[in-house]
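Chemist: Now for the letters of each chain:
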Amino acid sequence: MTASLDDPKAARRASRARGLFDPTLTRAAAVRSLVMLRPDVLWKNPVMFVVEVGTVLSIAYTVAKALDPSASLASLGYLVALDVWLVATLLFANFAEALAEARGKAQADALRKTRAATPAFRLRGARALDSVMPADTEQVNSTELREGDVVLVVAGELIPADGEIVEGVASVDESAITGESAPVVREAGGDRSGVTGGTRVLSDRLLVRVTVKPGESFLDKMIALVEGAKRQRTPNEIALGIVLSAFTLVFLLVTVTLWPLAKHAEDYTGTAGLGTDVPTLVALLVCLIPTTIGALLAAIGIAGMDRALRANIVAKSGKAVEVAGDIDTLLLDKTGTITFGNRRAARFVPFGEFSATEVGRLAALASTADDTPEGKSIVELYRKQPGAARVDAPTGAAFVPFSAHTRMSGVDLPTGERIRKGATDAVLKYARAANGVIPTGVEEHVRAAAERGATPLLVCAGNRVAGMVVLEDVLKPGIRERFERLRAMGLRTVMVTGDNPLTAKFIAEAAGVDDFIAEATPEAKLAYIRAEQAAGKLVAMMGDGTNDAPALAQADVGVAMNSGTQAAKEAGNMVDLDSDPTKLIEVVEVGKQLLMTRGALTTFSIANDVAKYFAIVPALFAGTLPHLKALDFMHLASPTSAILSAVIFNALVIPLLIPIALKGVTYRPVGADALLRRNLFVWGLGGLIAPFVGIKLIDLALAALGLA
Amino acid sequence: MWFVPVFVIASSVSLAVPLGRYMARVLDRDGPRSALERVLHTGPQNWKRYCFSLLAFNAVAFAVGFAVLAFQHHLPLNPDGKGALAPSTVFNTAASFLTNTNLQHYAGEVHLSYFSQVFFICWKQFVGPAIGLAALLALLRGLRGDEHMGNFYVDVWRGTVFVFLPLSLIVALALVAAGVPMTLEGAAKVTTLEGGEQTIARGPVAAIEAIKQLGTNGGGFFGTNSAHPFENPSALTNLIECASILLVPMACVVMFGRVLRAPRQAAVIFGTMLLFLVAFTAWGVFTDARPNPALKGAPVADAVNLEGKELRFGPSAGPTWAAATTCTSNGSVNCMHDSLNPLAGLSPLAGMWLNCAFGGVGVGLINFVVYLIVAVFFAGLMVGRTPEYLGKKVEAREMKLAMLALLIHPLLILAPTGLAAVSDWGTGAQNNPGAHGLSELLYEFTSASANNGSGFEGLADTVGTAADAADPEKADAVRRATNWDLSTGLTMLFGRFVPIIAPLALAAALAGKKRTPFTAGTLRTDMLTFALILVGTIVLVGALLFLPAAALGPVAEHLQLAAR
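Just so you know, the sequences run in chain order A and B. For the record, in the first sequence the residue sitting at position 286 is 286 according to my numbering, with numbers rising by one throughout. For the record, in the second sequence the residue sitting at position 218 is 218 according to my numbering, with numbers rising by one throughout.
Among the hints, erroneous ones may be present.
Quick partial rundown of chain B residues pointing at chain A, CB under 10 Å, derived from the structure [to be verified]: (1) Leu390; (2) Val394; (3) Arg479.
Every beta carbon over 10 Å from chain A, so not counted as near; a handful from chain B, in silico [claimed, not checked]: (4) Val26; (5) Arg49; (6) Phe66; (7) Gly179; (8) Pro204; (9) Leu275; (10) Ser339; (11) Ala435; (12) Gly437; (13) Ala477; (14) Leu523; (15) Arg524; (16) Leu544; (17) Leu547; (18) Ala551.
Computed spacing ranges between beta-carbons, pair by pair [said to hold, decoys possible]: (19) B:Gly31 / A:Asp578: 56 to 62 Å; (20) B:Ala59 / A:Ile238: 57 to 63 Å; (21) A:Ala674 / B:Ile170: 44 to 50 Å; (22) A:Leu76 / B:Val6: 57 to 63 Å.
Hints are computed from structural coordinates only; laboratory data are not their basis. Ideal Cβ positions, reconstructed from N, Cα and C, are used throughout, including at glycine.
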C-alpha cells in the first residue's frame, strides 16, 4: 500500500530530518516566546510565573536605583545585568515550549500531505463490471474521491478508500489489516462486501462505492485534534506540576525568610550586605526554584506527542502516550509482528516416484506467473534445492492465474502438460476429475502439515498428484531477541493468532513469547484484556477490524492501524499510520522516554541547587559575615560575580537542555534497576557536579572580562 | 570516646527487632479482643473518620490537660503548694504535651504539682506516643491496601496498654534499682554540713523518666531534664535512658516490615534512618571532642569541650544523647545543647530539620514515608513509568498531600524564626548576641515544629506562674515570653496534626488503587540504589532548605570563633 506514496513520504522524511533548531521554526518560536511573556499566558506555569514576578520586582528596584543612587547598595551595572539574565531565563523557557509547539505543528502539516497519493480509477457513469473499459474511468487521487463515487479496482491495485463492493468477487490481501496471511474473498452483497482502503486486490476486479467523505476521514479529524486542540496536561504532568509548585513555594519561603535573618545579622554587626538586597534575593529564588524543569516541562510533553508522530503514530492524547510507558502486557498479532505477513514455502514433500526437486520444479513452474508472496517464495525455495535448474516457462506456455473460484493456479505447457498447484481439496478434485492417480498417504501428509500450523498446497502434473508444498509461517529474524529485551523492560508479550492451539503453541515457543491466545476471537481478546486488567496490569494491543473495536477500547493503549476500519480507529487511542504491528513496541518506548525525561530533568534541576547555594549564600553575606567566605568552595571572584554566575548558569542551562527535552533521554531496554542507576549517575550526579563547573567557568569568564 | 554511641545504638537496634515483631503482633489484630476493647471499638474507620476520632480525642485531651494545669492549685497531691500558672504557660504546656513535643516553658520542680506531674505530664506521655503509634498503624493499613484503617480508640488503647505500660514498667524498675527516686512525698528539707537549709525537690521521678524516654516525650520531671542527678544518676542509667530514646521509634520500622510483610522495604528504611542517626551522632561526637573554638589560645587544657556536660556520663554521652534525642523527636537532654561547640550544635538542629531519622513514635516513620513517596516519584519517573510504591501508583493527589506534609515543617520553622529575628520579643529574649542568638531562635522553632521539645536553652521564654505574669517589674520579659508561649504553642499544634493527617489521606488514596503487579520494569524500592535516592532526596529536600539559616547561625558562629 505504500508503493505510490513515495513523494509525500519524502516530504515527511524531510520534515523529520529537520534539525532541532531549524531556522524557520526557530524564528517562529523566538517571536512566540516574546508573546508568551504575557502574565496571563505565563500564569499557567507557576514556576516561571514566580520568575516573572521576581523579575518585575528586580526591575523596579533597578529603576529606583537609577533614579536615586542611594536606593540600593548594589551597583547599577550589577542590577541591570541581573535583570537582563532574569528576562533571558523567561525567554529561554518560553522558547523551549514555543519550539516544541512549532515542531509539532510542522509534523502535523507534513502528515496531511501524505494523505494524497493512492491513485484511483473513478467510473464516469454507471456501468456493469463486465462492460467497464479503461476508457470509462478517470484517474484521480484517492483524496479527491467523494462519498458515493464508484471506483474500479483490478488485481494488483490498492483499494483507494473505504467502501462497499457494488459488483464483483475477488480475493483481497487484507493481511496488512487483519493480520491473516491467507487472502480473503470479498464479494458484492452480504457480509463480505466491505473493503478497506489500503488493502490490495490479488485477483479479479471489483467495483467499489466509496463510503467516506474526503477530508473527513478519521485521520484528518485526529490530526486536527492533535495540533489544534488545547493541549491537555497529562496526569503525570499534573502531579509533577504540583511537586514543582510545592518546591517553588518552599524556596519562596526560604528566600523570603532569609531577609529577616540577614537583617538580624546586619543589625548585630552594624554592617550592610547583599543579604537584604531584594534583587539579589530574587536571584537566589530564581536559582533555587526548579526553573530548568519548569521551563522544559511543557516542551517535554509536546515533544513526546511529536516523537510518536515521527514514528507515524497519531496519539489522540498525551495521556495515551504517557500510559504507554506503564504498559505491562503487549498483545501482539502473530502475523506481521512475530512472523512475516505471508506464509512462505518451507519444503517440498514428494509423493510416489517424484523427487523433492522435481516437485519443486513443478511447483515453481506453476508459480512463475504468480506474483503473490507465496508464489515467489516457492520459486525461491526451489532455487535452493540441490540440482535445481533455472525456471523459465517455455514460450507458448499459458498461465492460469489464481482465482477465488478455482483456488488453483498453474501453467499449461506447449507440450500439453498441465501443471496445477492449489488448495488440497481443489487439487484433489481436479485430479479425480481427470481420472488421475492419487498416491496413498496424501491425506496423512496433509493432515500432519496442518497440525504443525503449516498450510499444505498440492502440486499436480497432468492428472498425477506429484507432491506437496508446505507453506509455513516464518519467524521474523531477531524476534526472539526482541522479546528477550521486552522481558528485560518488564513487559509480558502475548501472541494473538487465529491458529489452533497446537500450532499457536508451536510458534509461541519458537518465538519466545510469554503467552498466546489461540483461535483468537474478538471476544477472547477482550476477555484476556479484562483478566489482565483485573490483575492490575495495563494492556496494549493493536487492532484493525471492526470486531477488534471493543478490545481496542478496553485496552489501556489501543493502537488502531490506519488501514483498519473506522470503528477500530475510533475505539483505539492511537492510530499507526504505517499499520505496522511492531509499532506497539515503539509506542511503549516513547511513553517510557517521556516519563524518564521528566524524571531526569527534575532530578538534574533539584541537584543543581547544592552548587547554587554554595555560590550564593557566602556572597549574600560577604559584607556582613565575611567569615562565611569559607563556604565558598569555588573561590568565586566577587560576591556580585558569584550571584551573576549562578543566575547566568541557571538561564543558560535551559537552552542547553532543549535538545534533551525535545529528543528525550536515551532509553535503553534494560531492567528498571540498571536504568535507574544509569539515570541517577548521569542526571543526579551530573546535576550535582555540572553547576559547580559551570558557575566557576562563567565566573572566570566574567572576571576575565573585567565584569566581576 | 566511641563506647557510648556504639553501645547505645547497637543495643537499641538489637532490642528493637523483637519489640517491633511483638508490636506488629499485638497492635495489628483485627477486631476487639477483650470486653474493654469491645466497648472502645466503634467500628472500622476510613481515613476521615479515623482522623476525626484522632482530632476529637486530642481536643478533649487538650481541654482536660488545660483544666488540670490551670486549676492545679485547687487540686490534690500538691504537698509543696505550687501556685497557679500563667495562662500562656498553661496553653503552651497543654499544646506541648498534647503534641508529644514536651517543650517546657516552665521548670517542673518549680511550677508543677505532683498531680500535674502524674495526671497531666505522665498521662500525656503515655497517650501522646500511643496516638502517634495509632496514626502509624492507620498509615500502614492504608499502604497495605486495607479497606479500613482500623479503629483509633482500640489502637490507642492497645498501644498504651500493650506497648508503653509494660515497657515503662521494666525501664522504671531498672531506673529505681539504679537509684532514681520514686515517691509522692514533698520536697526534702535538709540541713547541709555547713548548717544551711536546703530544699531538695523529688517526686515520682522514675515513672515519668521511663515513659519520657520510651515515648519520645522528653519532658523531664526537673527543669534540667536528664542532666539532673535524680533523673539520671549514673553512667549506667544514662545508657539505659539513651537506648530507651531510640527503642520504640526503631521498633516502629520493624513493625512496618511485619505489618506490610515487606521486610526488605523495612530494611531499606531502617538502613537509611540509621545512616542519618549514625552520621549525626558521629558528627556531634567528633566536633564536640575538640575544645570550643572560642577558647583557642586561652590558657586552658587542650581537651574535649566539657562545658555544659555532666561528667559522670563521660564526655561523648552529651552529643550522643543530643543526636538521639533530636533524630527521634524525643527532646530530653543530658547536657546543655547551648554549650555544645557551634558545629556540634548543628547535629541536633539537622536531626530535627529532617525529623525522620527514626523520628517520634509512629510519626517519625510517617514523616519518612512522605520523603519516601517524593523519592519514589523522582526515581519512578527515571525508570520510565508512572511512579509506584508497593504496587500503588503515585499520582497528583498523592503528591499534593505529600508536598503539603513536607511544606509545613520548613514553613513552621523559617517563618516564625524570621519574624522573631526582627522583632523585639525574639531578639529581646536572646541570651547571647549575634549568630548564637539566632541559633537560639532557630532552635526553639525547629524544636517546636519537629515536636521535639528539647531546648537550646538560653532563651527567656518562661512566664511561669500567674504571679510572675502579674509582676510589673518583669513586664517586658513576660510580654516576650508570652509571645514565645503562643508562637511555639501554635507551631507545635500545626507541626503535629498536619503531618499526621495529610499522610493518612495519602495512604487512603493509595489504598483505593489497584495493585500493579511487579515486573522487571518496576522501580524496586527495596534495593541499595533506592536507599541512595532516599538519602539524596532527604538531604536535598529536607536539609538544604535550612542551609542559609544554618550558615547564619551555627556555621557563622563557628567561623567567627575560629577566625579569632
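Chemist: Hints first: check each against the structure and report whether it holds.
Modeler: A quick look at each hint next to the structure:
1. The closest approach between the C-beta of B:Leu390 and any C-beta of chain A is roughly 12 Å, which is over the 10 Å cut-off, so the hint fails.
2. Given hint, B:Val394 at the interface with chain A, holds; its Cβ is 7 Å from that chain's nearest Cβ, closer than 10 Å.
3. With a cut of 10 Å, the hint placing B:Arg479 at the interface with chain A is violated, because the nearest CB-to-CB distance is about 20 Å.
4. With a minimum CB-CB distance of about 32 Å to chain A, B:Val26 clears the 10 Å threshold, and the non-interface call stands.
5. For B:Arg49, the condition that its CB be more than 10 Å from all CB atoms of chain A holds, with the nearest at approximately 26 Å.
6. For B:Phe66, the condition that its CB be more than 10 Å from all CB atoms of chain A holds, with the nearest at approximately 31 Å.
7. For B:Gly179, the condition that its CB be more than 10 Å from all CB atoms of chain A holds, with the nearest at approximately 45 Å.
8. B:Pro204, annotated as away from the interface, keeps every beta carbon of chain A farther than 10 Å; the closest lies near 42 Å.
9. No beta-carbon of chain A is positioned within 10 Å of the beta-carbon of B:Leu275; the least distance is around 17 Å.
10. Listed as outside the interface, B:Ser339 is consistent with that label: its C-beta sits roughly 21 Å from the nearest C-beta of chain A, beyond the 10 Å cut-off.
11. Listed as outside the interface, B:Ala435 is inconsistent with that label: its C-beta sits roughly 7 Å from the nearest C-beta of chain A, within the 10 Å cut-off.
12. Distance check for B:Gly437 against chain A: the nearest CB is about 7 Å away, which does not clear 10 Å, and the non-interface claim fails.
13. Every Cβ of chain A is farther than 10 Å from the Cβ of B:Ala477; the closest lies at roughly 20 Å, confirming the non-interface assignment.
14. Against the 10 Å criterion, B:Leu523 falls within the reach of chain A, whose nearest CB is about 5 Å from its own CB.
15. Against the 10 Å criterion, B:Arg524 falls within the reach of chain A, whose nearest CB is about 6 Å from its own CB.
16. A Cβ of chain A approaches the Cβ of B:Leu544 within 10 Å, the least distance being about 6 Å, so the stated non-interface status is violated.
17. Chain A draws B:Leu547 into its interface by the beta-carbon criterion, the shortest separation being 5 Å against a cut-off of 10 Å.
18. The beta carbon of B:Ala551 is not kept farther than 10 Å from every beta carbon of chain A, the shortest such distance being approximately 5 Å.
19. The hinted window of 56 to 62 Å between B:Gly31 and A:Asp578 holds, with their beta carbons roughly 59 Å apart.
20. In this structure the supplied range 57 to 63 Å is violated for B:Ala59 paired with A:Ile238, their Cβ-Cβ distance being about 35 Å.
21. Remark: the range hint 44 to 50 Å for A:Ala674 to B:Ile170 is upheld by a beta-carbon distance near 48 Å.
22. Taken as a hint, the range 57 to 63 Å holds for the pair A:Leu76 and B:Val6, whose Cβ atoms sit roughly 59 Å apart.
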